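Asker: Build out the structure end to end from the sequences listed, making use of the hints.
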Amino acid sequence: MSNRPALRLEQPELRIRDGRVLDLVRRRWVVLTPEEWVRQHTMHFLLQRARAPHGLLSVEKAHHSHAGARRTDVTVYARDGSRWMVVECKAPDVRLAQSSLDQVARYARELKPRYIAVTNGMSLYCAERVGDRYAFVPQFPEYPDIESS
Numbered sequence: 002m003s004n005r006p007a008l009r010l011e012q013p014e015l016r017i018r019d020g021r022v023l024d025l026v027r028r029r030w031v032v033l034t035p036e037e038w039v040r041q042h043t044m045h046f047l048l049q050r051a052r053a054p055h056g057l058l059s060v061e062k063a064h065h066s067h068a069g070a071r072r073t074d075v076t077v078y079a080r081d082g083s084r085w086m087v088v089e090c091k092a093p094d095v096r097l098a099q100s101s102l103d104q105v106a107r108y109a110r111e112l113k114p115r116y117i118a119v120t121n122g123m124s125l126y127c128a129e130r131v132g133d134r135y136a137f138v139p140q141f142p143e144y145p146d147i148e149s150s
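In my numbering, the protein residues as written are 2 to 150.
Incorrect hints may appear among the rest.
Claimed, not checked - For each label pair, taking beta carbons as the anchor points, the in silico distance ranges come out as: (1) PHE137 to GLU61: 40 to 50 Å; (2) GLN12 to THR34: 29 to 39 Å; (3) ASP19 to ASP133: 13 to 23 Å; (4) ILE17 to GLU111: 26 to 36 Å; (5) GLY132 to ALA7: 35 to 45 Å.
Unchecked claim - Below, simulated EDC-like cross-link-like pairs (lysine to aspartate or glutamate); rule was C-alpha separation at most 16 Å, straight line: (6) LYS62 to GLU14; (7) LYS62 to GLU111; (8) LYS62 to GLU37; (9) LYS113 to ASP81; (10) LYS113 to ASP94; (11) LYS113 to GLU129; (12) LYS113 to ASP103.
These are calculated hints, taken from the structure and not from any lab test. Note that this is a predicted model, so its numbers are computed, not measured. Beta carbons are placed, not taken as given, at the ideal position from N, Cα and C, and that holds for glycine.
Answerer: Structure follows, in structure tokens:
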């Protein structure tokens, strides 16, 4: 574990074996790349801090549109089946530059989630859809409870 950086997200207890990590959402062992390290921490953050329901998360899901197939790192669905949040994960050593934001913005135009987020585990940016645009939010949102959704 010492060769993997401590991230600024919660430090979950991950099951790691032979260079693989047990993905709780996909329910299988996946190769533990630097980006996967961030993705696993992000999923635990969404489940624990944002209180997203486990059954409403999908990981590396392909989405098809007129622009072709795209694969989102993490998608959180609303209870009605719409996309509540799309998260793009980058490796810890990848600087979150304009290209990272552009990538998640392309997903947003096609998938129209309420929130978009991008993280490298060191920084986390989140924006909420306001009309046809997205505005950065000062605090990461909590998944809405049943009464307010």
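Asker: Does ASP103 lie within 16 Å of LYS113 when you go C-alpha to C-alpha?
Answerer: Cα-Cα ~14 Å, so holds.
Asker: Given the hint of 29 to 39 Å, check if GLN12 and THR34 actually sit that far apart at their C-beta atoms.
Answerer: The hint (29 to 39 Å, Cβ to Cβ) is violated, given that GLN12 and THR34 are roughly 18 Å apart.
Asker: Within a Cα-Cα threshold of 16 Å, do LYS113 and ASP81 meet the stated pairing?
Answerer: Holds. LYS113 to ASP81 sits at ~14 Å (cutoff 16 Å).
Asker: For the pair supplied as a hint, LYS62 and GLU14, confirm whether the alpha-carbon distance does not exceed 16 Å.
Answerer: 24 Å, violated
Asker: Check the following: the C-beta atoms of GLY132 and ALA7 are separated by a distance inside 35 to 45 Å.
Answerer: Holds - the Cβ-Cβ distance for GLY132 and ALA7, about 38 Å, lies within 35 to 45 Å.
Asker: Within 13 to 23 Å or not, the Cβ separation of ASP19 and ASP133?
Answerer: 47 Å, violated
Asker: Would the pair LYS113 and ASP94 pass a check requiring their Cα atoms to be no farther apart than 16 Å?
Answerer: 28 Å, violated
Asker: Holds or violated: are the alpha carbons of LYS62 and GLU111 at most 16 Å from each other?
Answerer: 14 Å, holds
Asker: Take the C-beta atom of ILE17 and the C-beta atom of GLU111, compute their distance, and say whether it sits inside 26 to 36 Å.
Answerer: For GLU111 against ILE17, whose Cβ atoms are near 34 Å apart, the range 26 to 36 Å holds.
Asker: Against the 16 Å threshold, does the CA-CA distance of LYS62 and GLU37 hold or violate the hint?
Answerer: 14 Å, holds
Asker: With a cut-off of 16 Å on the C-alpha distance, tell me whether LYS113 and GLU129 pass.
Answerer: 10 Å, holds
Asker: Is it true that PHE137 and GLU61 lie within 40 to 50 Å of each other by Cβ?
Answerer: 25 Å Cβ-Cβ, so the 40 to 50 Å window is violated.
Going through the hint list in order, the structure does not satisfy hints 1, 2, 3, 6, 10.
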